[in-house]
Amino acid sequence: DTEVTQTPKHLVMGMTNKKSLKCEQHMGHRAMYWYKQKAKKPPELMFVYSYEKLSINESVPSRFSPECPNSSLLNLHLHALQPEDSALYLCASSQRPGTGDQPQHFGDGTRLSIL
Amino acid sequence: AQSVTQPDIHITVSEGASLELRCNYSYGATPYLFWYVQSPGQGLQLLLKYFSGDTLVQGIKGFEAEFKRSQSSFNLRKPSVHWSDAAEYFCAVLRNNNDMRFGAGTRLTVKP
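Quick mapping for you: the protein sequence lines, in order, are chains A and B. 1 is the number of the first residue of the first sequence in our numbering; add one for each residue after it. 1 is the number of the first residue of the second sequence in our numbering; add one for each residue after it.
Honestly, the hints are just simulated from the structure, not real lab data. Note that CB positions come from ideal geometry on N, CA and C, so glycine has one too. Mixed in with the good hints there might be a few duds.
Unchecked claim - Computed cross-link-like contacts, BS3-like style, restricted to lysine-lysine with a CA-CA straight-line distance of at most 30 Å:
1) B/49 <-> A/41
2) A/9 <-> B/49
3) A/38 <-> B/61
4) B/61 <-> A/40
5) A/41 <-> B/68
6) A/22 <-> B/49
7) A/40 <-> B/49
8) A/40 <-> A/19
9) A/41 <-> B/61
What the hints assert, rightly or not - Calculated Cβ distances over 12 Å to all of chain B for the following chain A residues:
10) 62
11) 70
12) 86
13) 115
I would like the entire structure built from these sequences, with the hints used as guidance.
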């Protein structure tokens, strides 16, 4: 069982829909991450939040909008997505931002399909 | 730029045989290195990590990895593979400020 919980596990949406992915951790971690993973590829970093503030945005299109309402929650708001956005979206957390010796703990992901 | 290379896309081993998965990194300073495993439809599980100190690190599920600075390598090993070890394995390097970069992954198939 993972300590990072992602909901929903699966999501199918049309290109005009608005939906949100949710990630939650109760380990007291202060860094949280969103990754995108296409089939048979490694995860690619999208966003990093450190102490609830956005610290890294890897040039992600604005149709993806992250939000960190508190230290335990991370959301990814989706709007006007394209078929190529279909992927597994992984959330991760680590204990202390800004230090190099912290492994990231991953959730099981949300499998997103864009019709 | 810091990067990670996993030369083997796919490896097949027989159950009970030994396993070595290769990982090479490119990094200017002492790297923070990780091995993760991903089963189909699931997230990534941390197997082990190297930060400093003893270059042979032990992980979960009977895995170990050896850091060799002279070869810029961090290869993952297991003396006897079980059928449940079939999965995708990712080597990763942590760049500054929580920016983790993954290798392309090695898919492990275990033959009965």
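Hint check results:
The straight-line distance between the Cα atoms of residue 49 of chain B and residue 41 of chain A is roughly 21 Å, inside the 30 Å bound, and the hint therefore holds. As the CA atoms of residue 9 of chain A and residue 49 of chain B are separated by approximately 28 Å, the hinted pair is consistent with the 30 Å bound. A hinted pair counts as satisfied when its Cα atoms are at most 30 Å apart, and residue 38 of chain A with residue 61 of chain B qualifies at roughly 27 Å. Among the hinted pairs, residue 61 of chain B with residue 40 of chain A is consistent with the structure: their alpha-carbon atoms are about 23 Å apart, no more than 30 Å.
At most 30 Å may separate the alpha-carbon atoms for a hinted pair to count; residue 41 of chain A and residue 68 of chain B meet this at roughly 26 Å. As the CA atoms of residue 22 of chain A and residue 49 of chain B are separated by approximately 27 Å, the hinted pair is consistent with the 30 Å bound. With a C-alpha separation of about 23 Å, the suggested pairing of residue 40 of chain A with residue 49 of chain B holds against the 30 Å cut-off. This hinted pair checks out: residue 40 of chain A and residue 19 of chain A have alpha carbons roughly 25 Å apart, not beyond 30 Å.
The straight-line distance between the Cα atoms of residue 41 of chain A and residue 61 of chain B is roughly 24 Å, inside the 30 Å bound, and the hint therefore holds. With a minimum CB-CB distance of about 21 Å to chain B, residue 62 of chain A clears the 12 Å threshold, and the non-interface call stands. A cut-off of 12 Å between C-beta atoms confirms that residue 70 of chain A is not in contact with chain B; the least separation is 19 Å. With a closest Cβ-Cβ approach of about 15 Å to chain B, residue 86 of chain A is found to remain outside the 12 Å limit, as its non-interface label requires.
Interface exclusion of residue 115 of chain A from chain B stands, the closest Cβ pair being 20 Å apart, more than 12 Å.
In summary, this structure violates none of the numbered hints.
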